[in-house]
Amino acid sequence: MTERLMGSPWGTDESSLPIHIAVRAEEEVLYLGTAQVSQAGTSDSVLTDCELR
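Counting along the sequence shown from 1, when you hit position 27 you're at 27 in our numbering, and nothing is skipped either side.
If you are wondering where the hints come from, they were derived from the structure by calculation, not from laboratory data. All residues carry an ideal CB built from backbone N, CA and C; glycine is no exception. Mixed in with the good hints there might be a few duds.
The following label-pair restraints were derived from C-beta to C-beta distances [what the hints assert, rightly or not]:
#, residue 1, residue 2, range
1, Leu32, Met6, 19 to 27 Å
2, Glu27, Glu3, 18 to 26 Å
3, Glu27, Gly7, 21 to 29 Å
4, Glu27, Met6, 31 to 39 Å
5, Leu30, Met1, 31 to 39 Å
6, Glu3, Thr34, 14 to 22 Å
7, Met6, Glu26, 25 to 33 Å
8, Gly7, Glu28, 29 to 37 Å
9, Asp49, Ala25, 29 to 37 Å
10, Thr48, Glu27, 25 to 33 Å
11, Glu3, Glu26, 16 to 24 Å
Taking the hints into account, I'd like the entire structure generated from these sequences.
Right, dumping it as structure tokens:
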């Protein structure tokens, strides 16, 4: 997940692919559309926070 959201260290660029966002609302899933990462952080190579727009 970290590589997909923050970019791959091997130079492959998946940032042109959309990130699809959905939320669970009780027993249903609501599709919200696509988003882009506006800010993300890691600690010891583990994703700790991510802001999407």
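Which numbered hints turn out to be false for this structure?
2, 3, 5, 9 and 11
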